[in-house]
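Participant: Full structure from sequences and hints, please.
6 protein chains.
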Amino acid sequence: MPEVVTFGECMLRLSPPDFQRLEQASQLNITVGGSELNVAAGVARLGLSSAWISRLPENPLGRMVRNKAREMGVDTSHLLWTKDDRLGLYFVEYGASPRASSVLYDRGMSAIANIQPGEVRWRAVFEGCRLFHVSGITPALSDSAAAVTAEAITAAKAAGALVSYDLNYRAKLWSQEKACQIQTPFMNDVDILITTEEDTERVFGITGQDYRQVAKKLADQFKIDVVAITLRGTPSVWRNTWSALAYSNGTFYDDVTYEIEVVDRVGSGDTFSAGFLFGFLTQDIGRGVKVGNAFAALKHSSWGDFNWTTLEETEALIKGAGLRIVR
Amino acid sequence: MPEVVTFGECMLRLSPPDFQRLEQASQLNITVGGSELNVAAGVARLGLSSAWISRLPENPLGRMVRNKAREMGVDTSHLLWTKDDRLGLYFVEYGASPRASSVLYDRGMSAIANIQPGEVRWRAVFEGCRLFHVSGITPALSDSAAAVTAEAITAAKAAGALVSYDLNYRAKLWSQEKACQIQTPFMNDVDILITTEEDTERVFGITGQDYRQVAKKLADQFKIDVVAITLRGTPSVWRNTWSALAYSNGTFYDDVTYEIEVVDRVGSGDTFSAGFLFGFLTQDIGRGVKVGNAFAALKHSSWGDFNWTTLEETEALIKGAGLRIVR
Amino acid sequence: MPEVVTFGECMLRLSPPDFQRLEQASQLNITVGGSELNVAAGVARLGLSSAWISRLPENPLGRMVRNKAREMGVDTSHLLWTKDDRLGLYFVEYGASPRASSVLYDRGMSAIANIQPGEVRWRAVFEGCRLFHVSGITPALSDSAAAVTAEAITAAKAAGALVSYDLNYRAKLWSQEKACQIQTPFMNDVDILITTEEDTERVFGITGQDYRQVAKKLADQFKIDVVAITLRGTPSVWRNTWSALAYSNGTFYDDVTYEIEVVDRVGSGDTFSAGFLFGFLTQDIGRGVKVGNAFAALKHSSWGDFNWTTLEETEALIKGAGLRIVR
Amino acid sequence: MPEVVTFGECMLRLSPPDFQRLEQASQLNITVGGSELNVAAGVARLGLSSAWISRLPENPLGRMVRNKAREMGVDTSHLLWTKDDRLGLYFVEYGASPRASSVLYDRGMSAIANIQPGEVRWRAVFEGCRLFHVSGITPALSDSAAAVTAEAITAAKAAGALVSYDLNYRAKLWSQEKACQIQTPFMNDVDILITTEEDTERVFGITGQDYRQVAKKLADQFKIDVVAITLRGTPSVWRNTWSALAYSNGTFYDDVTYEIEVVDRVGSGDTFSAGFLFGFLTQDIGRGVKVGNAFAALKHSSWGDFNWTTLEETEALIKGAGLRIVR
Amino acid sequence: MPEVVTFGECMLRLSPPDFQRLEQASQLNITVGGSELNVAAGVARLGLSSAWISRLPENPLGRMVRNKAREMGVDTSHLLWTKDDRLGLYFVEYGASPRASSVLYDRGMSAIANIQPGEVRWRAVFEGCRLFHVSGITPALSDSAAAVTAEAITAAKAAGALVSYDLNYRAKLWSQEKACQIQTPFMNDVDILITTEEDTERVFGITGQDYRQVAKKLADQFKIDVVAITLRGTPSVWRNTWSALAYSNGTFYDDVTYEIEVVDRVGSGDTFSAGFLFGFLTQDIGRGVKVGNAFAALKHSSWGDFNWTTLEETEALIKGAGLRIVR
Amino acid sequence: MPEVVTFGECMLRLSPPDFQRLEQASQLNITVGGSELNVAAGVARLGLSSAWISRLPENPLGRMVRNKAREMGVDTSHLLWTKDDRLGLYFVEYGASPRASSVLYDRGMSAIANIQPGEVRWRAVFEGCRLFHVSGITPALSDSAAAVTAEAITAAKAAGALVSYDLNYRAKLWSQEKACQIQTPFMNDVDILITTEEDTERVFGITGQDYRQVAKKLADQFKIDVVAITLRGTPSVWRNTWSALAYSNGTFYDDVTYEIEVVDRVGSGDTFSAGFLFGFLTQDIGRGVKVGNAFAALKHSSWGDFNWTTLEETEALIKGAGLRIVR
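Chains as they are written, first to last, in our numbering: chain A, 34 to 360; chain B, 34 to 360; chain C, 34 to 360; chain D, 34 to 360; chain E, 34 to 360; chain F, 34 to 360.
Calculated from the structure, these hints are not laboratory results.
Check each hint, because a few of them may be wrong.
Between beta-carbon pairs, the in silico distance windows are [to be verified]: (1) K211/C with V359/E: 35 to 43 Å; (2) G151/A with Q242/B: 29 to 37 Å; (3) D51/D with N221/B: 36 to 44 Å; (4) E348/E with Q246/C: 50 to 58 Å; (5) T274/F with G266/D: 14 to 22 Å; (6) D51/D with S208/C: 45 to 53 Å; (7) S59/E with T274/F: 35 to 43 Å; (8) E91/B with G353/D: 21 to 29 Å; (9) P150/F with L113/C: 38 to 46 Å; (10) L264/E with Q209/B: 48 to 56 Å.
Chain F regions said to be covered by chain C (calculated; three or more residues, Cβ under 8 Å) [what the hints assert, rightly or not]: (11) 60-70; (12) 138-146.
From the three backbone atoms N, C-alpha and C, an ideal C-beta is built for every residue, glycine too.
Facilitator: Quick look at the structure:
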């Protein structure tokens, strides 16, 4: 059975080519993407087995999501299917300074939002599982999705799995108040919290002198073993910087800051989670930070939510691969 | 003010290239389409002024629909806008025998479905209007959309405009019973009914020995001035035949049957309505049948819901244009 | 463990768009394809579990093949990987009468051609397997591939699995003499032979008054339980006809002839095998012929080697689905 | 009637994808563009009504220009049509340092170049008009186009409209001497002059210590109410800087300098004019500079001559929107 | 030196994909094409050396034409270049019944139309030349182009070359009267006349009971050694039939009629000329008809003016190649 | 006969669009490329005649290579053809920091690798030739290719041609030891050596304080008239710097360093060789460095191995062309 299990939404992802605005587009490139599937795909890409739990409509779009999860090596045998609901979708417009990239969501009434407690056979899902990962998007989808998230966390702990949680606040889905109220209880069961300085403030109102202090405050306040924070700098839309650090039991784990030429940044946070969890599960926290940081940096360089980078390429970057052509 | 006004939904239309199935697609061609906008666009293309009434979300997709209506020369000044709802969309898969083409709808919770009586200023809309056209899709969208349809028909009559109605039954939107119950009262105000033999049977249970008898029965039963029926033959997916006839006051108006090589058949019925209404309003019923028939036949030869054929090309076909290259 | 196991080559498949000739192309559409993977993919698409055995190079092209096998739901856990060899590839040029479509192979020195006896752990592979399928392409790839084919057939029988064999003669890979010499011994272990009249004559020199007689002769001569034959008519490049029949123990099972509008015929024979095996394993020979025939007919209507048709669509065609648009 | 009227040429615009050179291209992306239509489109995009006057051939290319003007919300009811002439066209090659982008014109013998005085019904056009805008390209097209430009300016003043003029010198269309001789008389009627330091020197021989002095000199010499100057820096082909200032009655109005990542810079000057005129007409000069500057900066980030930016996005940039993804 | 020399215009050729109408296109596929270059390219493709004479603008479009002529193996060393004029262009819209394909020309003021007598060094061009080919399009371009055509024919005869002439009447370029007046004198020097029944009537007013009689009348009236006539049937836009015959000294040479699935018919007549001249020059008239007929039939199956068919494929068709896939 | 002759491999070149990784691609852009053909193409582009010698398979891919060589104006009349072998190919993945671009080769068993001494008629090839150019890739392909390289160098010298050699070390093709052993004897006959600091160290173990010293050491050690070295800086994947210098008889020739925005860097070294040889052969070493440096800098700005830059553009850059748009 899969070592890592994730739970959440995956949407059809549509984007105009060549920096076109949606209004002027006559073609859209399509793939699929969603935070927790991105994590499961990344973990599988690096070499651990993973499964993704969701609820999909029985139509070509739902099947496309399942197919692409399988393509990445993710176990889809526990997916729920429905004849009634729709697949959510989102449109990405790629920007150029001074216009930021943007995302237009059309995710209402999706199959996953209508998921109900009791539908997923969590006990079977978690058999042999080492770690369960979910992000704050899932409980934000609907009250029933929040209930199933709680159900999953409980079942994971019961099965002896670690719980990893990415705060991932989405203002369009719920208020800061509700986000805080729903997620605070989850923190009791969370072993690994992955977040950004900004989300931490918005959801829990926790701020600090710097992100190190924030990480420590989170760990202390919620008694979380590991807190990881990703750090993005945006000197321009096409040039970003990227780094990450983790805090655990009084120790900070940080890493180099990568200079990024941005092809597609959507999904890179999830890719950090995947890399971090892989490194953490196969070695330790320091390795998690290094693999997550490099894996996420490399994600920015190609199109789509998923990270097609190999472990070998990730390790080469960690060791300091150059920018000259590889033949 | 526009001579022809239509009212209904327009969706984003997405289709994979090269006969791909949706599940295997990595790009989608996009445009917009919807029965009543198709009619307004066709009427404007042929040379009468037209306006289209709908309700759209204030986002890039809603604006795209408005833009493309304007591109075709359709007046969009009476559109309603909302910050809340979504734009419906539909996916077209092009077939090849023995696989028929198919359409996957994702139109729930659309802005137009949430339209409410009293929102459209019908009196202003119908100032100077000669004809109002709507299809059976609009009242099928929701109860409130049905109420607004009734409101529109009443206002059109009050303004002295003719009412044209395309039965356009969509089984996914409502039952035959409900379609019959809602639309039967409309028939009192309808001057021109456009339909197919199949839809007539499904909605009103009216059948006959042949389509001529059906047209006559409809006209007699509902006291409708003009009944027009379109006739498609499907020897294969890529080869169709197309014809049309009208009945009015004891007279049948028919026309040649065209041999069609099918590029894209979605929207061709609406194009017939446009051509028929244009011919009827600028000349008479016989001209309506001829223009509608030729205009619709030509629609099949290019991509998208809209008909980019010119009046000059339509007239050339009516006069018997050949199939050799035109230089 | 998978119910159906197949063994063979899969290549990168490159084709110019829009009926271009290769020499004039500036873009190629790519996917992957290969007879036995096509069968495993089709079987999984219809609903049985399947696995595919092959040998792939550890590079992006090898991974792409694995990914796309997984995308179709095929188990790839028993694939062999090598750092040394290449992935074969082939180019498809789509024709229009009077120019036939054509395939240009570049498959020399591929990883699968260098497979060696003993490399595949056949015992583990066949655990729980109901049926093993291979085609005449695999032993044609190299002497060692032929030896592994023999090894596989023996292991399958030992594991209690049925053996299905598609003759699939490729003149560019070996002579008729060698094809006969190598494959004749296989026939002792074959339970289901799938072929065409033409291949039967070329490989075994067996001819008959008609394809029925040929099927019977094959069954009698080699003591094969089931012989299935596919029948293609080619009135033009874009219009084909397609049918199939099977013979077993004195009974002929035949089916309707489908009129086909050809989008892409490469892989349709494999798709018949998949449909036949699915129908046979889930019901009986008659069902196998019907499912295989309809599934293969539908394959022609979309691009690529794989068949994206659903079981539901296949059953609709068997029941006589029409050619009008499906909404 | 439209608040803003512009007059000039619009061409078919063809550009190879992916930084290809024209000689190697096998596909071209197409749209339309021309200085004065770009301005009318931008003004309409921001929210004022606008009309565009030109002369087009009655063929698909002429209709495409009209359609796309309508798509942007521009009134096209006063266009002139001819069966005789052609539509001009131009090819854009996108550069990368050290190769600048370049434009190849093929605009000879166009319908607009053959426009004759008396053909446009200026009195009807200017009914209710607040401002007329034209650039130095229009009189450069031909002697008759220059005469019609003069005619238009006179009619605009007579109708009580302001006159806005963009110097827009094109060396391929006329000499500096002729540009000076023809345009100097226009300056008597110009209320708003939009230009660059470079064009001012080339056409009027006016130079100064800096662009502020140049603006003042222009205003003083020609007694022009408002002079606006755009300022582009080109550290590289993909990175530009952009700013603007205006001078009026002793006051300078300047604004921030934007860092630009260049997707397509063709048409950005026109977009500044549109933004400036919008801000000026709806508020004052200072607002004009701010809106024009931000609207033009944003134009660089997407493909084509037209600016698909919304007023909302423009205002967000003025207020200091960041470069992080918008969800 | 080249065995075959041709003289005429080549234009940029732009066509929308997927049966789109020009007005709706956002991309155009491009290549080049022109009757006499098509012939030179076809002759070179089949295996004789050829050169093409024309006049081109010194810009990327002119160079593209030269490049693509070279790509096909055509000698371009005698081309004339100018800094002043433009390259003609034409747009192709692909049709589907009942809409015929169509061509929109934009060829005015081209470099070739401005060619002047004395500019081409015909004596050098014709050194070692066996045959000169030109079509009726070249003298139709302008009076000076007609004068250069006359000059070329005279020089060819003086150099001992045969003269081949394709009547190729273009109604948009000149009247039937002028076509007759200018071309009648050319007929004195023509050895091979290639035409259609329709063009013969329009230019020379020659009709007959059938095309055989027409061929004979042409040969008799103008004392032409060989008259070849191509025969196209158009049952539909996508299905044509194609055949050809020749008459010489009392003998008729005819051939099979091919069933054609039409991908792109533009340029197929020129391809017949190429095949005919190749067969005639390498063997005899009968071979010319067979090669021309098959080569032209195969041209219809791929995109663009040029024929990418090989001699080997042409001979296979003559021998009766089937329509099944070639592996 | 051509002034410059080159000898080597050309492969089919396939690259995914839009920074996609190969594994996720569904389309590939294709063209051809190979070091020595790139040089011949560049030389011809700038204005000297050139020929390229290679061995190609008689199939569409082999013909495509020949066609594209011809398209660039390269003489292909001495190519060898074979029915047996394949065309090598390579895949380019475009990177973005921190992911470098990379190349995946699939060049085994190619036609050129199987070339044998005695097959090329070198005496005829070198008639009238001024310079022969080859790179270290050719002898690395196989032992027989190395033998033919030696044969070619000897024949070139015998014919009085200069010999130019680009070290071009490819670690995947041979070891440093073998590269040194095979190429050291060649150096006796080399007049112009083009290389990089890195390759010099890898092949000959020559290092120095800086590249100037390296150039001098190479010239001194091997008694080579001219040594040219190219210098690339890689601050990021999208931003490079580029310069070059030459050393000859005690004099250093250097040039400006260009700031490069990288569209496609593959082939730019070959383009330097072409520019250097052109400048050297038409003027002198200093001119060679300047033309080579500018021509190569400009190559980076467009797609593909070939350089579509004109001599006029190259000279404009040398004179200091700006980065503003050229109209």
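Participant: Which of the numbered hints are not met once you compare them with the structure shown?
Facilitator: Per hint list: 1, 2, 3 and 4 violated.
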